[in-house]
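Residue numbers (my numbering), protein chains in the order written: chain A, 1237 to 1362; chain U, 2 to 405.
Derived from the structure by calculation, the hints contain no laboratory data.
A partial selection of chain A residues facing chain U, derived with a Cβ cut-off under 7 Å:
1. 1274
2. 1290
3. 1294
4. 1295
5. 1334
Glycine included, C-beta positions come from ideal geometry on N, C-alpha and C.
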Amino acid sequence: MYSEKVREHFTNPKNMGRMEDPDGVGEVGNPVCGDMLRLFVKVKDGVIVDAKVETFGCVAAIATSSVTTEMAIGMTIEEAKKLTRGQVAEELDGLPPQKMHCSNLAADALHKAIEDYEKRQKKDDS
Amino acid sequence: MAYFDNANSTQVDERVIEAMLPYFREHYGTAGLELSHSQDVGAVMGMENARKTIAESLNTDPRAIIFTSGATESNNLATRGVARANKKKGRHIITSPIEVQSVLRSLARLEGAGYEIEYLDVDEYGLISLEQLKSAIKEDTVLVTIQHGNGEIGTVQPIEEIAKITKAAGVLFHTDATQTFMKMPIDTEKVMVDLITVDAHLIHGPKGAGALYIRRGTRIDRLHEGGDEERRLRPGVENIPAIVGFAKAVEIWNPNDVKHLNELAAYVKEKVSERISDIRFTGHPTNRIPGLFSMLVEFIEGESMLVQLDMFGYSVATGSACSSKTLQGSHVLKAIGLPPEVSHGSLRISFSRNNTKEEIDGFIDALVPAVERLREFSPIRHGQYFANTEPEDDHHHDVPGDDW
Ligand code: FES
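All chains, full assembly: derive it from the sequences and hints.
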């Protein structure tokens, strides 16, 4: 059974969809089983000011996508780098054990989006 | 609101419950001894009448029916029981990759014990090839086990033709008819199948009651040791109330129900085709289990569809990897050649005689927005799958171990 919070985020997910002109994009997925997630961030003065996400996956993957973007918005880059799947799951009042791995998807995508952002920054600097 | 997961289990019919009750309250004896006290005698009579009913449904003698705890046990008994009893003749067994786990895992055990298990190919519909079967049979083949109907994609195998081949070759043939029992009757006088698995709970009977039909003269060994029940082939006190309920479910089955089931499946197919784009139907287009509709909805995942439909009161099933405990996708969808990201969107809608077209209308009205919503934020559009992933992203392999 999913928690009320998971069901709520699944029914009314936040920040879902594409972003025009993102500052960073992170994609994760699993070629074996096919789950995929693409997360976009917009950064201003070292702070994540907006985040969007596209998700192909189960209820837990959708709910964690929603809650991860919510948590990320307003965080500094350094804070967002430290965001773990454990924190994401906690925010959702827990996930069934066999679904814990889904929360990796969103957290990993966020980290990759930040990596992408930093790479782009370096390019701009040079 | 409606229950469309009848290939998983059905609601027990009230008449079945009524028929079972006396076997809890009055005839609570066992069927071990015929010349016993009245509680036992009542129990024996109930059970033997049930055996007659089940036998009639397969056009056979009651002595050909062995009661079991259900399809899983029947499949285990048929496969390993036959293998054991015939090992002097040979150790080669032929099957298909889309059998249920109780067949596949039972055969895997035999494989571990030195038997040779050969898996026939299935085509995109899940059908085996009779030609391949013919050429696969060898000197030391003892058993062919091929299901009648597939519970995930609905495809029905040509068991009559298979039986002709096995009969001519002198090889035993077992079929798992759990999904087709009563819906597609098997006349054992005409179809030369040697062992048939049947179960009560998909025809509005109780869980925990099944049977194995064993053609007279078939060499088969028991798997358990115990008393004299079920001609020692299946020792242990029988689940008499459930067996009586099983027979009642068979007795009240109305052959006209099949027509209704077929109509419902055709109706949902029509409606879905009208309202949803990018879908594929799975299984054979015409050789199908009555009342079982199966499809793939592209770009989205099945568990999320299932949960959203459940919020609207509709119960369906999916073969998506995400919805299984082990996160392994359906072996059936894999065997018919579907990549996991496509089989993720599988949906099975299976009807019972209690379902109506109005329920389907309501269901479609819930399904269409569910699909649209999930597609809206899917990163996949029209075949644009991306897989730029490194091995450590393989999150499905990050499955928690057993806690104990
Ligand atoms: S995305 Fe596959 S189990 Fe969650």
